[in-house]
Each structure stands twice: as C-alpha cells, then as structure tokens.
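Using the sequences provided together with the hints, build the complete structure.
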Amino acid sequence: MLVATWNINGVKARIDALKAWLDECGADIVGLQEIKSVDEGFPRAEIEAAGWHVETHGQKGFNGVALLSRKPAARIERGLPGGDADEQSRFIIGEWETDRGPLRVASLYLPNGNPIGTEKFSYKLRWMARLETLARQWLAEEVSFILAGDYNVIPQPEDARNVADWVNDALYQPESRAAYRRLLHLGLLDAVRATTDQPQTYTFWDYQAGAWPKNNGIRIDHILLSPDLSARLAGVRIDKHVRAWEKPSDHVPVLVDLKD
DNA sequence: ATGACGAGCGTGGCTCGA
Numbered sequence: 177m178l179v180a181t182w183n184i185n186g187v188k189a190r191i192d193a194l195k196a197w198l199d200e201c202g203a204d205i206v207g208l209q210e211i212k213s214v215d216e217g218f219p220r221a222e223i224e225a226a227g228w229h230v231e232t233h234g235q236k237g238f239n240g241v242a243l244l245s246r247k248p249a250a251r252i253e254r255g256l257p258g259g260d261a262d263e264q265s266r267f268i269i270g271e272w273e274t275d276r277g278p279l280r281v282a283s284l285y286l287p288n289g290n291p292i293g294t295e296k297f298s299y300k301l302r303w304m305a306r307l308e309t310l311a312r313q314w315l316a317e318e319v320s321f322i323l324a325g326d327y328n329v330i331p332q333p334e335d336a337r338n339v340a341d342w343v344n345d346a347l348y349q350p351e352s353r354a355a356y357r358r359l360l361h362l363g364l365l366d367a368v369r370a371t372t373d374q375p376q377t378y379t380f381w382d383y384q385a386g387a388w389p390k391n392n393g394i395r396i397d398h399i400l401l402s403p404d405l406s407a408r409l410a411g412v413r414i415d416k417h418v419r420a421w422e423k424p425s426d427h428v429p430v431l432v433d434l435k436d
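So in the numbering used here, the last one in the first sequence is 436, and the numbering has no gaps at all.
Because the hints were derived from the structure by calculation, they are not lab data. Incorrect hints may appear among the rest.
Taking lysine-lysine and the DSSO-like style, the derived pairs with C-alpha atoms no more than 30 Å apart in a straight line are [claimed, not checked]:
id, residue 1, residue 2
1, K195, K435
2, K390, K247
3, K236, K247
4, K188, K435
5, K423, K195
6, K195, K236
7, K212, K195
8, K188, K296
9, K296, K236
10, K212, K423
11, K236, K212
12, K435, K247
13, K188, K247
14, K435, K416
15, K188, K423
16, K423, K390
17, K188, K212
18, K195, K247
19, K435, K212
20, K296, K212
21, K435, K236
22, K188, K416
23, K236, K188
The structure presented is a predicted model; accordingly, all values stated were derived computationally and were not measured.
In structure tokens form, the structure reads like this:
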C-alpha cells in the first residue's frame, strides 16, 4: 500500500501537474496541502474522472488540505481537534477499512511560524502541542495511523543544505524541532529518515535564487507512522523529478510503501 | 553584496509563504 503527501502550492495553478503525477504515482491515498481554494473551487470533477475519491478542507486564498483515495473513506473529519477558534484549514483525517483493520491518515499543513517572536510563531507551537495531544490519543486507541504532510520543521542539520540560512527561521528553531522530536519520542517513526542514509535528501526547494539547480533544499515534508505501521514499512519514495516539471510546486511528493 | 519567485485576490499591489 502506497500513501503519499504533497504540498502542491495551489490546486488550480497546479492542476495539470497534479493530474499527471496522480496518473503515474501508484498511490492508494494522497494527502495534499496548500490547495489555496475553497471546497467549491477545488477541481473535483477532473480528479474524480481520473478515478479518485476527493475530500477537501479548504479556505479562501490560503492553506487548505485534501485527501484523495482510490477507495472511499469510511469516515472523514475536518480540522485539528483542540482548536475551536482556529479558522485555518490545515488538517483533515480520513479513515479506511483495510484487510489489516482500520487505517487513519491525516493530511496536515503545519503553520510556518515566521517571523519568530510573533503570534505566528506561538500559533505554530500551540498547533504542534495540539498535534501531540492527538497523537497521544490515537496511540492510546491502538489504531494504525499516518500523519503525513508539510510539517514546516527541519528536524536536523542534515535536513538542510545550508543550515546557516535557517538558524533564525521558525522552521529550525529549537522549540519547533523539540516539538517534532516529541512526536518521535512518543514512538512515531519518521519514515524517510528511518529508511534513507542518502545525504542531501530534500523535499522543498525555494523558487528563488536558483535553489533547485543548486540543490539548495530542505526536508520539511514528513510521513510519521504509528508503531504497528513502522513494522510494515517497506520503503519510501521522494518524487524529485516533479520539481523539474513546468510550473512546479516548490515541494515534491513523498510516499511510503507499507507491506500488506 | 545584492537580488532573486510564485499564488491568490482581483486588476494594482498587497499578503503570505519558506
């Protein structure tokens, strides 16, 4: 089973690339982030025509997440629990019935948090605390789950080509990294880091200053697995070639392969 | 050393991102 995540940076601007990648990716479930669209504006019909079930949690202009799947979800929940006043659409949960029991997949778009020292950064940390609370609940339930998305966290120095560029950035602050590490310490597995010893493994390259041709990237799109799924991890894939397409997103798809 | 990109909203130039 293949589960994927991709920050597409605008679904309407990226529809051709999205359809082309969906046709080739082989995934069963795809989490999207930054759809930058309200639910009614999502190009649902085009994606459904290609054989996908579509669930969205959008908002006007910014943010927005979605789940695409070959089989319909048994249950969908929109929003990250614990934030009744949170109007930003950054989290959607799907649950599927599988031969191995229920599988829960979240597509998440964690707040960027810049600039540090502002309300944006404290919102990021509060959001991460809510995510930790949810992960603790799901672990207690002993349900199989995947937290996939754009975490906006550079976990370690080796996850940035030029780490000095990021020391004053919300993505690399000790508090952001510690909150991410707390998720791992709960027993969740960072699937890419667990299966890759290749240096310069990145998922994002800025549009500016020739970051892509210079391979000046960072690894910020992560797939975290519950302990039972960690035992089924067969491999990961980072579809870097998509970054060289015409009108690319600045992020590329990341996938996990789970043994049946 | 500096500047450099792109999407959305909505039609000029902001906001937001990373």
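Hint check:
With a C-alpha separation of about 26 Å, the suggested pair K195 and K435 falls inside the 30 Å cut-off, and the hint holds. Taking the CA atoms of K390 and K247, the gap is about 39 Å. The hint is violated against a cut of 30 Å. The suggested pairing of K236 with K247 holds, with an alpha-carbon distance near 28 Å, which does not exceed 30 Å. Taken as a hint, the K188 and K435 pair is broken in the structure, with Cα atoms around 34 Å apart against an allowance of 30 Å.
Of the supplied pair hints, the one linking K423 and K195 holds, its CA atoms being roughly 13 Å apart against a limit of 30 Å. Taken as a hint, the K195 and K236 pair is honoured in the structure, with Cα atoms around 22 Å apart against an allowance of 30 Å. For the hint linking K212 to K195, the alpha-carbon distance of about 17 Å falls within 30 Å, and the restraint holds. With a C-alpha separation of about 26 Å, the suggested pairing of K188 with K296 holds against the 30 Å cut-off.
The straight-line distance between the Cα atoms of K296 and K236 is roughly 19 Å, inside the 30 Å bound, and the hint therefore holds. Taken as a hint, the K212 and K423 pair is honoured in the structure, with Cα atoms around 16 Å apart against an allowance of 30 Å. Restraint check for K236 and K212: the C-alpha separation of about 7 Å stays at or below 30 Å, so the hint holds. Taken as a hint, the K435 and K247 pair is honoured in the structure, with Cα atoms around 18 Å apart against an allowance of 30 Å.
Among the hinted pairs, K188 with K247 is consistent with the structure: their alpha-carbon atoms are about 24 Å apart, no more than 30 Å. As the CA atoms of K435 and K416 are separated by approximately 23 Å, the hinted pair is consistent with the 30 Å bound. At most 30 Å may separate the alpha-carbon atoms for a hinted pair to count; K188 and K423 meet this at roughly 12 Å. The suggested pairing of K423 with K390 holds, with an alpha-carbon distance near 18 Å, which does not exceed 30 Å.
With a CA separation close to 8 Å, the supplied pair K188 and K212 stays within the 30 Å bound. Our distance criterion of 30 Å between C-alpha atoms is met by K195 and K247, whose separation comes to about 17 Å. With a CA separation close to 33 Å, the supplied pair K435 and K212 exceeds the 30 Å bound. Only pairs whose Cα atoms come within 30 Å are accepted, and K296 paired with K212 is accepted, the gap being roughly 19 Å.
A C-alpha spacing of about 38 Å is found between K435 and K236, which places the hinted pair above 30 Å, so the restraint is violated. Using a Cα cut-off of 30 Å, the hinted pair K188 and K416 holds, with the two alpha carbons roughly 21 Å apart. At roughly 13 Å between alpha-carbon atoms, K236 and K188 fall within 30 Å of each other, so this suggested pair holds.
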